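As given, the protein sequences belong to chains A and B, one line each in that order.
Note that my numbering gives residue 157 to position 152 of the first sequence, counting from 1, and the numbers run on in steps of one.
Note that my numbering gives residue 688 to position 679 of the second sequence, counting from 1, and the numbers run on in steps of one.
No wet-lab data here; the hints were simulated from the structure.
All figures in this text were calculated on a predicted structure; none of them were measured in a lab.
Here a beta-carbon is modelled for each residue, glycine too, at the ideal position from N, C-alpha and C.
A partial selection of chain B residues facing chain A, derived with a Cβ cut-off under 10 Å:
| no. | residue |
| --- | --- |
| 1 | Asp-221 |
| 2 | Thr-647 |
| 3 | Ala-657 |
| 4 | Glu-694 |
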Amino acid sequence: MVQLNINGRPYQLDVEPDTPLLWVIREQVGLTGTKYGCGVSQCGACSVHINGEVQRSCAIPVSSVRSGDRIVTIEGLSRDSSHPVQEAWVELDVPQCGYCQSGQIMAAAALLRKNPKPNDKDIDEAMTNICRCGTYQRVRAAIHMAAGTGKSGGSVIHMGSAAAESPVGSVDQTTQA
Amino acid sequence: MKTQDNAVANFSRRRFIVGSAIAGGGLALGLRLPVGLAEAAAQDASAASPEVNAWVVVKPDDTCVIRIARAEMGQGTHTGLAQLVAEELECDWRKIAIEPITAGQNLARKRVWRDMATGGSRGIRGSQDYVRQGGAAARMMLLQAAADAWNVPVGELAVANGVITHAGSGRSTSYGKVAAAAAKLTPPDTKSIKLKNPKEWKIAGKAVKRLDTADKVNGRQMYSIDLKLPDMLHAAIKDCPVFGGKVASFDDSKIKTRPGVRGVVRVGDTAVAVVADTWWRAKAALDALPIVWDEGPGVKQSSATIAAYLKEGLTADDAYADTDDGDALKAIAGATKKVEAVYSTPFVAHACMEPMNCTVRITADKAEVWMPSQNAEASLAALSTVSGLPLAKCEAYNHTLGGGFGRRGGTQDFTRKAAAIAKQFPGVPVKLVWSREEDQAHDFYRPIGQCKLAAGLDQNGELVGMHIRISGQSINAYLAPHNIKDGKDRRQVQGLWKTLAGDAQIGYTVRNMRIEYAMRNTHVPVGPWRGVNTNQNGIYLECFMDEVARAAGKDPLEFRRALMHNHPKHLGVLNAAAEKAGWGKPLPAGVHRGIAQFMGYGSYSAAVAEVSVSAKGEVKVHRMVLALNCGHAVNPATIAAQVEGSVAYGFDSLQSQCTVENGRIVELNFDTYPIARLAQLPKIETVIVPTYDFWGGVGEPTICVVAPSIMNAIYAATGKPVRTLPLQHHGLTLV
Numbered sequence: 006m007v008q009l010n011i012n013g014r015p016y017q018l019d020v021e022p023d024t025p026l027l028w029v030i031r032e033q034v035g036l037t038g039t040k041y042g043c044g045v046s047q048c049g050a051c052s053v054h055i056n057g058e059v060q061r062s063c064a065i066p067v068s069s070v071r072s073g074d075r076i077v078t079i080e081g082l083s084r085d086s087s088h089p090v091q092e093a094w095v096e097l098d099v100p101q102c103g104y105c106q107s108g109q110i111m112a113a114a115a116l117l118r119k120n121p122k123p124n125d126k127d128i129d130e131a132m133t134n135i136c137r138c139g140t141y142q143r144v145r146a147a148i149h150m151a152a153g154t155g156k157s158g159g160s161v162i163h164m165g166s167a168a169a170e171s172p173v174g175s176v177d178q179t180t181q182a
Numbered sequence: 010m011k012t013q014d015n016a017v018a019n020f021s022r023r024r025f026i027v028g029s030a031i032a033g034g035g036l037a038l039g040l041r042l043p044v045g046l047a048e049a050a051a052q053d054a055s056a057a058s059p060e061v062n063a064w065v066v067v068k069p070d071d072t073c074v075i076r077i078a079r080a081e082m083g084q085g086t087h088t089g090l091a092q093l094v095a096e097e098l099e100c101d102w103r104k105i106a107i108e109p110i111t112a113g114q115n116l117a118r119k120r121v122w123r124d125m126a127t128g129g130s131r132g133i134r135g136s137q138d139y140v141r142q143g144g145a146a147a148r149m150m151l152l153q154a155a156a157d158a159w160n161v162p163v164g165e166l167a168v169a170n171g172v173i174t175h176a177g178s179g180r181s182t183s184y185g186k187v188a189a190a191a192a193k194l195t196p197p198d199t200k201s202i203k204l205k206n207p208k209e210w211k212i213a214g215k216a217v218k219r220l221d222t223a224d225k226v227n228g229r230q231m232y233s234i235d236l237k238l239p240d241m242l243h244a245a246i247k248d249c250p251v252f253g254g255k256v257a258s259f260d261d262s263k264i265k266t267r268p269g270v271r272g273v274v275r276v277g278d279t280a281v282a283v284v285a286d287t288w289w290r291a292k293a294a295l296d297a298l299p300i301v302w303d304e305g306p307g308v309k310q311s312s313a314t315i316a317a318y319l320k321e322g323l324t325a326d327d328a329y330a331d332t333d334d335g336d337a338l339k340a341i342a343g344a345t346k347k348v349e350a351v352y353s354t355p356f357v358a359h360a361c362m363e364p365m366n367c368t369v370r371i372t373a374d375k376a377e378v379w380m381p382s383q384n385a386e387a388s389l390a391a392l393s394t395v396s397g398l399p400l401a402k403c404e405a406y407n408h409t410l411g412g413g414f415g416r417r418g419g420t421q422d423f424t425r426k427a428a429a430i431a432k433q434f435p436g437v438p439v440k441l442v443w444s445r446e447e448d449q450a451h452d453f454y455r456p457i458g459q460c461k462l463a464a465g466l467d468q469n470g471e472l473v474g475m476h477i478r479i480s481g482q483s484i485n486a487y488l489a490p491h492n493i494k495d496g497k498d499r500r501q502v503q504g505l506w507k508t509l510a511g512d513a514q515i516g517y518t519v520r521n522m523r524i525e526y527a528m529r530n531t532h533v534p535v536g537p538w539r540g541v542n543t544n545q546n547g548i549y550l551e552c553f554m555d556e557v558a559r560a561a562g563k564d565p566l567e568f569r570r571a572l573m574h575n576h577p578k579h580l581g582v583l584n585a586a587a588e589k590a591g592w593g594k595p596l597p598a599g600v601h602r603g604i605a606q607f608m609g610y611g612s613y614s615a616a617v618a619e620v621s622v623s624a625k626g627e628v629k630v631h632r633m634v635l636a637l638n639c640g641h642a643v644n645p646a647t648i649a650a651q652v653e654g655s656v657a658y659g660f661d662s663l664q665s666q667c668t669v670e671n672g673r674i675v676e677l678n679f680d681t682y683p684i685a686r687l688a689q690l691p692k693i694e695t696v697i698v699p700t701y702d703f704w705g706g707v708g709e710p711t712i713c714v715v716a717p718s719i720m721n722a723i724y725a726a727t728g729k730p731v732r733t734l735p736l737q738h739h740g741l742t743l744v
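So that you can see chain A by itself, here it is in the shape it has in the complex:
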């Protein structure tokens, strides 16, 4: 029997001690927002918070989690998607396929807890999660937005035209989306 505290709820689970925390969260507890991506702590899709620190749950045997440890998954980050990171993610339409985004958001939330006003270099170092769709530019911009650093970013779109009959016309608009 292992005892876990996940998102403020206690769980008593009968599971082999070498089972990775990721699979206990997904299969025994039934919270599937935390994803399997690599199993070797490389991609970060399985990121959760343990006592406020971001951890990759795929490489943590459940036996090494102490009963007093507070585990927070994406489902427990906020009740209603109101964490500033989640709000910025929605505002900038960060996700594409979305599969890695739970992990990205958990990593970003942990970064901002430690460093409320990160610069680009801080973001480079903290955000090592893999996104195969390549949402990185918007991930960076959304972290700046959530932190209120005032640094502009996101998608840079030049809407031009190669034809005279274009409804956009030849006016070149630069949009921050």
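Given the coordinates of chain A, assemble chain B onto it according to the supplied hints.
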């Protein structure tokens, strides 16, 4: 728990209308509508929410539910298709929901939703005409219903945001109120439907927000890998690591008594699966299972043997010429200056973040599959084949894909394998999930290739002849041999086509031009990889173009422009990228530019990269400007997202490689197989230059200009062309 509630909710047979992304209810997938009951359920639901036509259902609260046949894998097609339907429907964009249909429903209704395949960047361009017609037809019927009720000519009515008004009498009503009557009307003749001029678009063509973001930030979005069904079992699989090998034997005595293990089964001739009550238990047991493989002849193959085989193809006699204008060989032989180079590109993997997975349940008279598929109808067909049940007794519930990139289209190996396992557990749903290592070891890789290029310049530095010989593996030979006509596999020269209209034509006119392909197939499975053969061919042509330009003593941009007079659209995007990037303007010390243009998927792409290379070989890409002419731009924000994503995916071409040793893939996880990370990515600017006279793709076209523009910038920085990939071969690392 919400996720569990979702899974249960998906099970409701009556729940035909599911989820409103607008209301935050989430896009519930996996509609459970067994064929035969589909019609009854539809009628049931239609009492409350009438189906005006196959594409549009209107609820009493005016919510317009737009049906979608294509798959969503992050590329934004669901939102884009909804924009196109909503534009013609004239509904309130704030009150729409989208509802994916199933392959079984499509079959039961004689494919009223047509093709469900989502690949080749065709999601929107391949269906825009009939989905817009669907929206327009629904609008016409809704208006007619109001006209009938008020006994006025339909021509006197106006509609905006789903509200119908009659100026003469001051009356107004809404779509929700007239939908039931509209549903009973005869649909208009397709010929009478007049689509809007895109210049009048109010919803399409705008950077509206995606409809599917809300559930992707809180863990609620359900992927196929997250599926929960009553009594479900979990399977882990191991295929012979050597392609073409088989299972000789395995000893399950050591693992069958482990906790939770329910069975150890063969999957065809090539694989073994352990089935257990949880996936982790299945996987751990499989890792402990002794398996003896009959590895077959493939075990003798390695990257070195494959390279030697392809090299022989560079000069062999069996190539076919896809283009043979003038006399390229003679022109080059007689030229003042000759340039020659051999390029090579490795196998690369798709590495979808959601590993391959699939759930199947087979009973005596029903087979069902829950999957992430780029082609739900191919999944249905694969299920029917393996289960032995006719299509009408099969159903396929597609899910939002955790990445597709071409991996989850026609091959359907995941469906076939899951079905082969589930068949051995009748009546029990079995979810098969591949480990990352298995996913890397058994992909359909981007084909390996080499290319020998030669060019001749006259005394003025003008290009008088070019000869391109590609030697490499064929996707068609592996997956679709019927597409090879008279020994001509045109797909492998994608992007270098001169005569094939529309899709992926070469952007240069060279008087004497010979383009050849020598097919050299290996034992390694190959398949479409986002951008497919434009990736390698873009590198070959566009990097060599820089070599030739330098040999001619000309600026790479000007040299290209001189060859592009007959290709105004190619030239248009090249100019747009160059202008926005400030080609020719001063750069900080140590920063160099590279440029490339190419065509694929009906769209025109160009890129300029700004790169510096340190003494230690650290390659830093600082900024990239990418220009795209995709004809019509349905959602500029989504297009930018795809362009940004294409840079990350294009980085694979530079730094990733699947090496073959002893017949098997060496790089089995992300510790050895590099994937672009946030810190590596440059600032990306998207230049959209639509000409509004065609419909091109968006998901793939720009990938193929990413690697060559960066390689050309490296060449500018170091003075040495990069001809073989990955960059690590040259002591270069993307930082």
